[in-house]
Structures are given as C-alpha cells and as structure tokens.
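Protein chains: 2
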Amino acid sequence: MEPSRWKSLPLSKAYQLLEPGPVVLLTTSGKGRNGRANVMTMSWHMMVEFEPPLLACVVSAADFSFAALRQTGDCVIAVPALKLAPTVVRIGNCSGRDVDKFEKFGLTPLAAEHVAAPLVGECFANLECRVADTGFVKKYDLFILEVLKIWIDPKQKNPKTIHHHGYGRFVVDGRTIRLGSRMR
Amino acid sequence: MEPSRWKSLPLSKAYQLLEPGPVVLLTTSGKGRNGRANVMTMSWHMMVEFEPPLLACVVSAADFSFAALRQTGDCVIAVPALKLAPTVVRIGNCSGRDVDKFEKFGLTPLAAEHVAAPLVGECFANLECRVADTGFVKKYDLFILEVLKIWIDPKQKNPKTIHHHGYGRFVVDGRTIRLGSRMR
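The listed protein sequences derive, respectively, from chains A and B. Residue numbering for the first sequence follows the working numbering, beginning at 7 and increasing consecutively. Residue numbering for the second sequence follows the working numbering, beginning at 7 and increasing consecutively.
Just so you know, the hints here were simulated from the structure itself, not pulled from any lab data. Wrong hints could be hidden among the right ones.
One-sided excerpt, in silico: chain A residues whose CB lies under 10 Å from chain B [as the list claims (entries may be wrong)]:
(1) Arg11
(2) Leu15
(3) Leu17
(4) Thr47
(5) Trp50
(6) Pro92
(7) Val94
(8) Tyr146
(9) Asp147
Here chain A is said to cover these stretches of chain B; the calculated rule only asks that three of the stretch's residues, wherever they fall, bring their Cβ under 8 Å from a Cβ of chain A [unchecked claim]:
(10) 48 to 55
(11) 58 to 64
(12) 95 to 106
(13) 137 to 148
(14) 166 to 172
Even for Gly, the Cβ is constructed at its ideal location relative to N, Cα and C.
Turn these sequences into a full structure, and let the hints steer you where they fit.
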C-alpha cells in the first residue's frame, strides 16, 4: 500500500485509462464545508483533450461529492479492478452524507501530490485532477477536469476493469485484440 | 438489413448502450456543404442525462464530420459489435474528405426517422441524435446531443462491443457479472 512503490505514468497516457469506459471512483477531500473525505462511483466520464489531458464528467448536484468538488476544486479519479467490484457497487449505494465510506469499506486514503483529495490505495490507477472549467456545471452538472498526475500500481498486473450496463449488471474486460491503427 | 425488422428501444435505456464506453461510429448526412454522408470512429463520449437522454461527445474540428455536425445539427451514433472491429479501425484511419466511406467499407446507409444522418445497417444499435447545445464547441469541440430514437437489431444477439486502449489495442467485452445495485 506504500505509494512509494507506485509508478508515475506520463500525462499523455491518461486517455488509455479512461477512454475504454471503465467504472471509476471519484474522491474528494474534507476541505470543503462537507468536512470529510468521500468517494463515489462514476461511469459518466470521457476524455476531452490528449495533452494536457482534460476530461469531462457528470457529478449530480444531488451527490454529496458535488459540493466538495465545487468548493475544493480538486478530486482524484481512481480506477478499480474486478476484485473491487462488490465494493464499488456498495460505494454507489450509499451517501457520504450518512457514512465515512473510506472507513466503512476499508479503503486506504493516501496523500496525493498536487491535490487535497485522497488517492485510493486499492485501485490500480489514480489520476490527480483539478477542476478546470465549471461553465457547464449549472446546466448539466458537467465538470471539465485537468489531469495533473497519474499513479499506477505496478503490483496489479493486467487489471480487468468493469463496465456498467445498468442496475448492477457489469461487463468485465475480456480478451485484447490488436488492429493496425494510425491513430493514437 | 431491412430496418423494418429492427426494434425501437425506450429512450430511457440509452445509457445502457453508451455508459459502458464502447467504441462507436458517428454518421452525418450530406446535407451540409460537405455534400456527402460520412462516418467516423469515436470513443470520446459519455452520458449526461437519463431522460430525455443527453450525451456529450468530442468531434475534433480537424475531422471532416465536424462541419457537417455543425451545419446539419444532427447525427447518428451507431454501435458496432466485434465482427466490425477491423472496419471500425479502417474507418478511423481515413477521412471523408478523400473517400466515400459507406461505399469503401461496404456499409449500408439506412434512412432514419427523425434525422437526416443515416443509420448503419451493420451495427446492432443506432441512436438518432440532434445537437442540443454547442456552448462548449468553440473551447473543446464538445457537443451535447439529445437522443431522439433508438434502434436495435434483434438478430444480433449478445453483441460484444470493443473498448479502445490506444494505438489499435482494443479490449473486447468479456463475461457479465450481476451485483445487487439500488442505482440504475
């Protein structure tokens, strides 16, 4: 669990983690009025720019994380592998208003380098992000985030991510195919 | 290939098709100054609202489809299954400026109900969309689309989608797991 064993990945590779559409966790710090760090489950995210890497995500104004994201201006996107799937669902089924989710689910919050939000020790990838544009928050709860740092846990080899199809039905990564592409 | 055999899916299920992050095709009509229908490959998309279903996607200003999308205000998002993967990559490797991609790749354009852009006969799902908001186009090439109609091909059973990890490396849908979730 020591972050010291983690490797930093070039920012230009952020899209290789997020573009395939995995279910992710979003953490926020306790710096805002909410007062405690929180973690939520999220599938509504996409890449917007390769480098510096920008992504868009939707965090509902009804979510406990929304106020923290607005007030603190930063978050971490953590990518869980299959083993964490049951925990990921339980995280999505309760609110940080009622419970300390890091404690309840035995997740390890680790200090990030550039942001106040915690990394998740159990995830194979953690992306430190700052809110870069709130122009679409009022209309769509849509945040533009800039990725500042990417951490990879080299001990989690070939992690399989999960993809949500609704109501707790997830498709797990299957085989990899390679097709000659000129596009990154 | 008759669209008559296709089933219409309730709009509230759009998210079940797009939230898992499949590589999709985006078609545009020849109504704009471009003059011909076109199809591009896209992975930068996400859901924004359940119902009426809104999605966001990034179509680069460098893409031939960009002008058509701006001028005509509509498009189709078509979801290809594994069998089409080699074609999907070839579609991404050339431009509609140089070639009629429907003809070149033997794709069947079919008339949509609400939009001028064509459905793709070979895809297992087709979503008719209109551009709902261009407020983030100038800054990020980001379009907000509203889904008007969803078509499903019932002959393609349990289609496996593909997820792009960069440079022509794709992960194919594997097994499905079900975990009790209170969230849709």
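Notebook entry, point to check: Does the CB of Trp50/A sit less than 10 Å away from some CB of chain B?
Noted result: holds, 5 Å
Next item on the list: Return the status of the interface hint for Asp147/A: holds when the least beta-carbon distance to chain B is below 10 Å, violated otherwise.
Entry: Status holds, d = 8 Å.
Note to self: Taking 8 Å as the Cβ threshold, is the statement that the stretch 48 to 55 of chain B is covered by chain A upheld or broken by the three-residue rule?
What the structure shows: Result for this restraint: holds, n = 7.
Item checked: Coverage assertion for the stretch 166 to 172 of chain B with respect to chain A, Cβ distance below 8 Å, three residues required -> holds (count 6)
Note to self: Tell me whether the statement that chain A covers the stretch 137 to 148 of chain B is true, taking a Cβ distance below 8 Å and needing three residues at minimum.
What the structure shows: holds (count 6)
Next item on the list: Report holds or violated for the interface hint on Pro92/A, using the least CB-CB distance to chain B and a cut-off of 10 Å.
Entry: holds, 6 Å
Next item on the list: Hold the hint about Arg11/A up to the distance rule: shortest CB distance to chain B must be less than 10 Å.
Entry: Violated - the Cβ of Arg11/A stays beyond 10 Å from chain B, reaching only about 23 Å at its closest.
Next item on the list: Would you check chain A against the stretch 95 to 106 of chain B, counting CB to CB pairs closer than 8 Å, and say if three or more residues qualify?
Entry: Check passed, 3 qualifying residues.
Next item on the list: Double-check Leu15/A for me: the hint is only fine if its C-beta lies closer than 10 Å to a C-beta in chain B.
Entry: violated, 12 Å
Next item on the list: Using 10 Å as the Cβ threshold, decide whether Val94/A counts as touching chain B.
Entry: holds, 8 Å
Check: Regarding the hint that Leu17/A lies at the interface with chain B, is the smallest CB-CB distance below 10 Å?
Finding: At about 14 Å, which exceeds the 10 Å cut-off, the nearest Cβ of chain B leaves the hint on Leu17/A violated.
Margin query: Quick check on the hint: Tyr146/A CB to chain B CB, less than 10 Å?
Written below: holds, 5 Å
Violation of the numbered hints given earlier is confined to hints 1, 2 and 3; the remaining hints are satisfied by the structure.
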